[in-house]
Amino acid sequence: MQDVTVTTLRQNLPEYLARVEAGETLRVTVHGRAIAEISPPTPLQEGAAAARNRLRNSVLHYDAPLEPILPEEDWDMLK
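My numbering puts the first residue of the sequence shown at 3, with every later residue one more than the last.
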């Protein structure tokens, strides 16, 4: 993991993003103090994004948006 200052990151953002895309993790610092880490997405994050994309626009119409999806009788079953 490489430390990089905010100023250096701003001045060379495309270069550092290419390094992250290649798999490197960067630690962003301000006055020597780490404030963030930039790393490539994990497979879990990519899987979640793919699931959201599959579900996008899958609910075309919902008649009662303020009503529970499950009937009240089924609530005890979920405890």
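Hints may contain errors.
To be verified - Derived Cβ-Cβ restraints for the label pairs, each shown as a range:
#	residue 1	residue 2	range
1	22	64	48 to 56 Å
2	50	74	14 to 22 Å
3	3	47	12 to 20 Å
4	13	67	42 to 50 Å
5	32	54	28 to 36 Å
6	41	75	45 to 53 Å
7	15	75	15 to 23 Å
8	52	10	28 to 36 Å
Hints were generated in silico from the structure; no laboratory data involved. Ideal Cβ placement from N, Cα and C applies to all residues, glycine included.
Hints, verified against the model:
Range check, residue 22 to residue 64: Cβ separation about 39 Å, and the 48 to 56 Å hint is violated. Checked against the hint of 14 to 22 Å, the C-beta distance between residue 50 and residue 74 comes to roughly 31 Å, which is inconsistent with it. A hinted range of 12 to 20 Å holds for the C-beta pair residue 3 and residue 47, which are about 19 Å apart. Separated by about 48 Å at the C-beta atoms, residue 13 and residue 67 satisfy the suggested range of 42 to 50 Å.
Range check, residue 32 to residue 54: Cβ separation about 33 Å, and the 28 to 36 Å hint holds. The given range of 45 to 53 Å is respected by residue 41 and residue 75, whose C-beta atoms sit roughly 46 Å from each other. Taking 15 to 23 Å as the suggested C-beta distance range, the pair residue 15 and residue 75 does not conform, at roughly 56 Å. Range check, residue 52 to residue 10: about 34 Å between beta-carbon atoms, so the 28 to 36 Å window is met.
Hints 1, 2, 7 from the earlier list are contradicted by this structure; the remaining hints agree with it.
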